[in-house]
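Engineer: Residue numbers (numbering that gives the first Met the number 0), protein chains in the order written: chain A, 0 to 355; chain B, 0 to 302.
Since the hints were made in silico from the structure, they are not lab data. Don't be surprised by glycine CBs; every beta carbon is placed ideally from N, CA and C. Don't take each hint at face value.
Not close to chain A: a few residues of chain B, all C-beta gaps over 12 Å, as computed [said to hold, decoys possible]:
1. A89
2. P129
3. A148
4. I163
5. G257
Covered stretches of chain A, as calculated for chain B (at least 3 residues, CB under 8 Å) [to be verified]:
6. 50-59
7. 100-110
8. 187-198
Derived Cβ-Cβ restraints for the label pairs, each shown as a range [stated by the list, open to error]:
9. A/A35 with B/A116: 47 to 57 Å
10. A/L28 with B/Q298: 54 to 64 Å
11. A/R6 with B/L243: 39 to 49 Å
12. B/Q54 with A/D319: 56 to 66 Å
13. B/I259 with A/A35: 51 to 61 Å
14. A/F176 with B/A116: 32 to 42 Å
15. B/T115 with A/G42: 36 to 46 Å
16. A/L295 with B/V150: 26 to 36 Å
17. A/S317 with B/L265: 56 to 66 Å
18. A/R6 with B/F5: 56 to 66 Å
19. B/T55 with A/R6: 47 to 57 Å
20. B/D118 with A/R243: 53 to 63 Å
21. B/W142 with A/F349: 42 to 52 Å
22. A/D184 with B/H56: 54 to 64 Å
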Amino acid sequence: MRLHFERRETMSRPVMLAAPLIALVLAMLTSLILFAALGKPAGQALYSLLLEPFIGWYNFSEVLLKMGPLMLIAQGLAIGFRANVFNIGAEGQLIIGALCASALPVYFPEGTSALMLPAMIVLGALGGALWAGIAAGLRSRFNANEILVTLMLTLIATQVLNYMVLGPWKDPHGFNFPQSVIFPDAALLPILLPGTRVNVSLPGALIASGLAYVLMRHRFAGFQLLVGGMAPRAARYAGFSEGRAVWISLLIGGLTAGLAGAFEVAGPLGQLQRSVSSGYGYSAIIVAYLGGLNPLGIVVSAFLMAALFIGGDNAMVSADLPVAAVFVFQGLLLVFYLGSLTFIRHRLIFSRGRPA
Amino acid sequence: MTILAFILAGTLAAATPMLLAALGELIVERSGVLNLGLEGMMALGAAIGFVVTYQTHNPVLGFAAAALGGILLSLVFAALALGFMANQVAAGLAIGVLGQGMSSLLGKPLESQTLTAPDTLAIPGLADLPLIGPVFDQDIVVWLTLLLAVVIWAVLNHTKLGLILRAVGENPHAARAIGFRVLRIRLAAIAFGGALAGMAGAYASTIYTPLWADGLIAGRGWIAVALVVFGTWQPFRITFGALLFGALSLGGLIAQAGGIALPSQLLASLPYVVTIVMLAVISSNRRRMRLNTVASLGQPFSG
Numbered sequence: 000m001r002l003h004f005e006r007r008e009t010m011s012r013p014v015m016l017a018a019p020l021i022a023l024v025l026a027m028l029t030s031l032i033l034f035a036a037l038g039k040p041a042g043q044a045l046y047s048l049l050l051e052p053f054i055g056w057y058n059f060s061e062v063l064l065k066m067g068p069l070m071l072i073a074q075g076l077a078i079g080f081r082a083n084v085f086n087i088g089a090e091g092q093l094i095i096g097a098l099c100a101s102a103l104p105v106y107f108p109e110g111t112s113a114l115m116l117p118a119m120i121v122l123g124a125l126g127g128a129l130w131a132g133i134a135a136g137l138r139s140r141f142n143a144n145e146i147l148v149t150l151m152l153t154l155i156a157t158q159v160l161n162y163m164v165l166g167p168w169k170d171p172h173g174f175n176f177p178q179s180v181i182f183p184d185a186a187l188l189p190i191l192l193p194g195t196r197v198n199v200s201l202p203g204a205l206i207a208s209g210l211a212y213v214l215m216r217h218r219f220a221g222f223q224l225l226v227g228g229m230a231p232r233a234a235r236y237a238g239f240s241e242g243r244a245v246w247i248s249l250l251i252g253g254l255t256a257g258l259a260g261a262f263e264v265a266g267p268l269g270q271l272q273r274s275v276s277s278g279y280g281y282s283a284i285i286v287a288y289l290g291g292l293n294p295l296g297i298v299v300s301a302f303l304m305a306a307l308f309i310g311g312d313n314a315m316v317s318a319d320l321p322v323a324a325v326f327v328f329q330g331l332l333l334v335f336y337l338g339s340l341t342f343i344r345h346r347l348i349f350s351r352g353r354p355a
Numbered sequence: 000m001t002i003l004a005f006i007l008a009g010t011l012a013a014a015t016p017m018l019l020a021a022l023g024e025l026i027v028e029r030s031g032v033l034n035l036g037l038e039g040m041m042a043l044g045a046a047i048g049f050v051v052t053y054q055t056h057n058p059v060l061g062f063a064a065a066a067l068g069g070i071l072l073s074l075v076f077a078a079l080a081l082g083f084m085a086n087q088v089a090a091g092l093a094i095g096v097l098g099q100g101m102s103s104l105l106g107k108p109l110e111s112q113t114l115t116a117p118d119t120l121a122i123p124g125l126a127d128l129p130l131i132g133p134v135f136d137q138d139i140v141v142w143l144t145l146l147l148a149v150v151i152w153a154v155l156n157h158t159k160l161g162l163i164l165r166a167v168g169e170n171p172h173a174a175r176a177i178g179f180r181v182l183r184i185r186l187a188a189i190a191f192g193g194a195l196a197g198m199a200g201a202y203a204s205t206i207y208t209p210l211w212a213d214g215l216i217a218g219r220g221w222i223a224v225a226l227v228v229f230g231t232w233q234p235f236r237i238t239f240g241a242l243l244f245g246a247l248s249l250g251g252l253i254a255q256a257g258g259i260a261l262p263s264q265l266l267a268s269l270p271y272v273v274t275i276v277m278l279a280v281i282s283s284n285r286r287r288m289r290l291n292t293v294a295s296l297g298q299p300f301s302g
């Protein structure tokens, strides 16, 4: 008896839709066993992780709050991933975006100008795009692998952030906490749903999703990007370049991550903190994949991942789980998802004897 | 100890975790597989190595357990990359996240606990030399890692095993046609890489800085991936690169010795900045990269 994969003639749509759900169930079961093995109340942990986020209006509104940045960044990253340009440094681009956006309120803490907030958002987006642009320039000019460069740029961005919040931008009246002054009202995003922290960045992220959908549907632009990234030589014959795919992918990814950074400091945080990101840049990679690199799928997967973040916060209290449990769960999700993805193009076959 | 000897000796120790992990990744990549989960495998090895050494007071057991943990995580990667023909970049990232999460989870109860570093092994004669003597007085893992670089060089270039591994990486279809089990050889390479990454993590957490702090790998797994590229897939060039980065990560001490006051964040960033610069400099020679790179790197193979 032998087990092997056989290529399907057409991609299986049912599997495509079921893959994330299968991954979710398998990740749940595995983490249940894992948490139990670590001596944690596994049932309580899963309840907190998966159900509690949907119980009560406040919990649910916090899910919506977290969904914004995850969705925004994942939409930007997916455009690159589809073109085989792997920007895995959204975390750093978010941090630089947050830093650039924070410059205005830090230097004008009494500012009241109505232009402050729009300027912060623009600065954040530009900062993120610039940071990713370094990787794009190095890849297209020097052939330097963008995976490693974006990752290294993230580690550097973290150090820049630490330097700023521990040094020049530290709030002098902040009891030595690594954070900036509290931003003036003119630097804060308007709240969308009264009584919650959900702000206008959520509709912003939804608009970005719409734009990503239009870009994917616009066949020629999408096609150029795809071929430029996946088959550079073929693209050159056709007259569009690898360089363009690299630049567009990284700039869009950096822009969305930078925006998300600006939205964080101008939104729920209201100041620049050392923990500005809580890992959104990394989690967005998983969101992008779980959403099938599809703009509509990403809206759903961002919602799920946001719930997982809120659930993780709850589980920290209720089941004494460290925050790392969320990352274990995320890793398991991606592992099982990548496995189930294979069944879209293949089916598993039992056969006797050795294959031809 | 003189400052010079201190720096040279520290360089070797600082280079060891990166070198050990990079040598494992070298074998994986030479077989045609790109495993980007190095950071996660090192983190997991660091946690397991620390916990086991802390409980048993037996560093050998700690290293063995860390190697086993690295192998297990690398087998998850192998299942995805080889069994399910998944995208290797995504599969590597997945086990990277998983490994780092598991590492934090396992290490949490021992936060800020310390271990006593094992004794060093002085090379007779050389260790008594004036000025540079301390360089030859290192823990045994440093020596074994350097020895391993030589062994890997010899195996890759002068044995049938090395030839088979290279054939599988350069042209898996041809290797299969002449009867080699491509997937089995790749599986063995991935497991070997996992074992070395796990031990590299254990070295970092139990010998180099024998104190548990979450996230202590701090990008060294990624630097190890970069080292394989810098070293253009050659063990001695990778060793040289690792030593360079070992020296860089001592930048803080060197600067202090020189009486230069720089923000610690700038010094911490130095290895990352140099990684980017080196990557650009070495990759920009496209012809040389094409000559040295592994032809089937990152491409799934279905037998």
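Engineer: All hints are to be evaluated individually against the structure, with a verdict given for each.
Structural biologist: How the hints compare with the structure:
no., hint, result
1, A89, "violated (6 Å)"
2, P129, "holds (38 Å)"
3, A148, "holds (22 Å)"
4, I163, "holds (21 Å)"
5, G257, "holds (21 Å)"
6, 50-59, "violated (count 0)"
7, 100-110, "violated (count 0)"
8, 187-198, "violated (count 0)"
9, A/A35 with B/A116: 47 to 57 Å, "violated (35 Å)"
10, A/L28 with B/Q298: 54 to 64 Å, "violated (32 Å)"
11, A/R6 with B/L243: 39 to 49 Å, "holds (46 Å)"
12, B/Q54 with A/D319: 56 to 66 Å, "violated (21 Å)"
13, B/I259 with A/A35: 51 to 61 Å, "holds (52 Å)"
14, A/F176 with B/A116: 32 to 42 Å, "holds (34 Å)"
15, B/T115 with A/G42: 36 to 46 Å, "holds (40 Å)"
16, A/L295 with B/V150: 26 to 36 Å, "violated (52 Å)"
17, A/S317 with B/L265: 56 to 66 Å, "violated (42 Å)"
18, A/R6 with B/F5: 56 to 66 Å, "holds (60 Å)"
19, B/T55 with A/R6: 47 to 57 Å, "holds (49 Å)"
20, B/D118 with A/R243: 53 to 63 Å, "holds (58 Å)"
21, B/W142 with A/F349: 42 to 52 Å, "holds (50 Å)"
22, A/D184 with B/H56: 54 to 64 Å, "holds (58 Å)"
Checked against the numbered hints given earlier, the structure breaks hints 1, 6, 7, 8, 9, 10, 12, 16, 17 and satisfies all the rest.
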